[in-house]
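Peer 1: Under the working numbering, residues 9 to 373 are what the sequence shown spells out, in order.
Rather than coming from a laboratory, the hints here were simulated on the basis of the structure. There could be a bad hint or two in this list.
Here are the computed distance ranges between Cβ atoms for each label pair [said to hold, decoys possible]: (1) Gly242 / Ala366: 30 to 38 Å; (2) Pro207 / Tyr21: 47 to 55 Å; (3) Gly161 / Thr296: 17 to 25 Å; (4) Pro207 / Val36: 28 to 36 Å; (5) Ser51 / Gly242: 26 to 34 Å; (6) Arg42 / Leu103: 34 to 42 Å; (7) Thr74 / Arg333: 22 to 30 Å; (8) Gly288 / Tyr21: 32 to 40 Å; (9) Gly129 / Pro89: 24 to 32 Å; (10) Glu276 / Leu236: 19 to 27 Å; (11) Ser55 / Thr296: 47 to 55 Å; (12) Pro79 / Arg42: 35 to 43 Å.
The model shown is predicted, which means the values in this text are computed figures rather than measured ones. Ideal Cβ positions, reconstructed from N, Cα and C, are used throughout, including at glycine.
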Amino acid sequence: MTQIGIGIVGGGYMGKAHAVAMSAVGAVFNTALRPRLEMVCASSAASAEEYRLAYGFARATDSWQTLVNDPKVEAIIIATPQATHRPIAEAAFALGKPVFCEKPLGKDVDDSRAMVAAAQGHINMTGFNYIRTPASQFARDLINSGEIGNITGFRGEHTEDFLADPNAPATWRTTGKANGMMGDLAPHPINCALRLMGPITSILAEIETVYPTRPGGEVTNDDHAHMLCRFENGVLGSIYASRVATGRKMGYSYEITGSKGAIRFDGEDQNAIHLYKMDGPEAQRGFTKILTGPAHPDYAPFCQGPGHGTGYQDQIIIEARDFLRAIETGKNIWPTFRDGMQVNQIIAAAHASSDAKAWRNINDF
């Protein structure tokens with residue numbers, strides 16, 4: 009086993025998740041590389057020190073440049089707002105350091121393209137954790153094996169209600185295009201669609217701000233969006249994303265139909281997949297709920313009991329395993345920065361489609 013010094017830029021919600029994951033991944037997956045929490049960076053020296061003490065880092069700083077340039081920091085995780093991603097990643101790659109960057113990759117397509125260019129020849133990964141559940145990995149296996157036949161349709165969504173109350177105050181999340189729902193939630197179902205269905209070639213979108221004003225200020229970004237998409241394989245699909253979907257807490261869900269069956273998944277029940285197969289008598293057909301267990305991908309390292317379940321944090325631990333494996337082998341593992349850029353392209357095309365009220369080709373962006 010070899011230690012590797014980890015630096016995390018950003019100590020908040022996702023910074024904590026990645027710190028916990030790096031602390032646990034060696035024990036869960038018996039990785040050849042064992043992370044050492046070397047340095048955490050936050051917006052102030054005081055908050056950085058709080059994160060250091062809470063998460064177990066050796067050192068803290070309020071300068072991402074200090075973290076990136078430190079020789080004991082050998083791999084970097086970026087867990088800050090997307091507008092800050094590009095300069096941090098470019099500086100790290102210039103020193104030959106591997107980078108894991110939370111989604112969305114950049115604040116726009118131009119940022120993402122520059123980051124992909126900077127990442128050439130280096131280990132790079134974009135953070136899309138929800139698709140890594142054992143259930144969704146199993147769903148992909150079912151699709152690829154032909155278990156549900158030729159795919160005929162896709163419906164995906166990511167819905168939450170943290171801004172469903174019109175009296176919820178304006179915050180940084182309600183200001184600026186990059187911080188809107190299309191920059192926050194929509195990347196997840198788009199990434200899901202790409203992973204399970206393949207490339208998207210064109211899109212028709214309607215993006216809307218449901219509550220244009222809130223206590224404390226004007227809302228300058230979007231609340232929800234409906235998107236029709238055409239996949240490269242010819243299948244027509246739809247994606248809905250919303251931060252004002254009353255009652256939904258983790259509505260990352262999808263339904264995929266095929267000529268021989270169908271698959272349903274709901275993130276609020278992330279340890280189950282629902283499978284329909286056109287087998288046997290009509291009277292006996294129906295969706296079967298399959299609880300994940302050691303027979304499903306990446307489940308057994310967490311628990312030996314079927315149906316006992318994995319959680320959100322475990323998705324991040326699986327990401328950490330993949331990042332460390334990529335560093336160890338010198339070979340990038342999906343999703344790379346290029347995969348993150350593809351999501352940004354689709355978001356850009358969706359905005360253009362909504363503005364023009366017309367279909368837009370993804371390759372034009």
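Peer 1: Could you run down the list of hints and mark each one as holding or not?
Peer 2: Status of each hint after checking the structure:
With their beta carbons about 20 Å apart, Gly242 and Ala366 fall outside the hinted range of 30 to 38 Å. Hint check: Pro207 to Tyr21, Cβ distance near 31 Å, so the stated range 47 to 55 Å is violated. Checked against the given bound of 17 to 25 Å, the beta carbons of Gly161 and Thr296, roughly 20 Å apart, stay inside it. For Pro207 and Val36, the Cβ-Cβ distance of about 33 Å falls inside the hinted range of 28 to 36 Å, so the restraint holds.
About 47 Å separates the C-beta atoms of Ser51 and Gly242, a value inconsistent with the hinted range of 26 to 34 Å. A hinted range of 34 to 42 Å is violated for the C-beta pair Arg42 and Leu103, which are about 22 Å apart. Distance hint check for Thr74 and Arg333: the Cβ-Cβ separation is about 28 Å, which falls inside the suggested range of 22 to 30 Å. Judged by the Cβ atoms, the range 32 to 40 Å given for Gly288 and Tyr21 is violated: they are separated by roughly 46 Å.
Gly129 and Pro89 have their C-beta atoms about 27 Å apart, which keeps the hinted 24 to 32 Å range intact. The beta-carbon spacing between Glu276 and Leu236, approximately 25 Å, falls within the hinted interval of 19 to 27 Å. Between Ser55 and Thr296 the Cβ separation comes to about 48 Å, which falls inside the hinted range of 47 to 55 Å. Remark: the range hint 35 to 43 Å for Pro79 to Arg42 is contradicted by a beta-carbon distance near 18 Å.
In summary, the numbered hints that this structure violates are 1, 2, 5, 6, 8 and 12.
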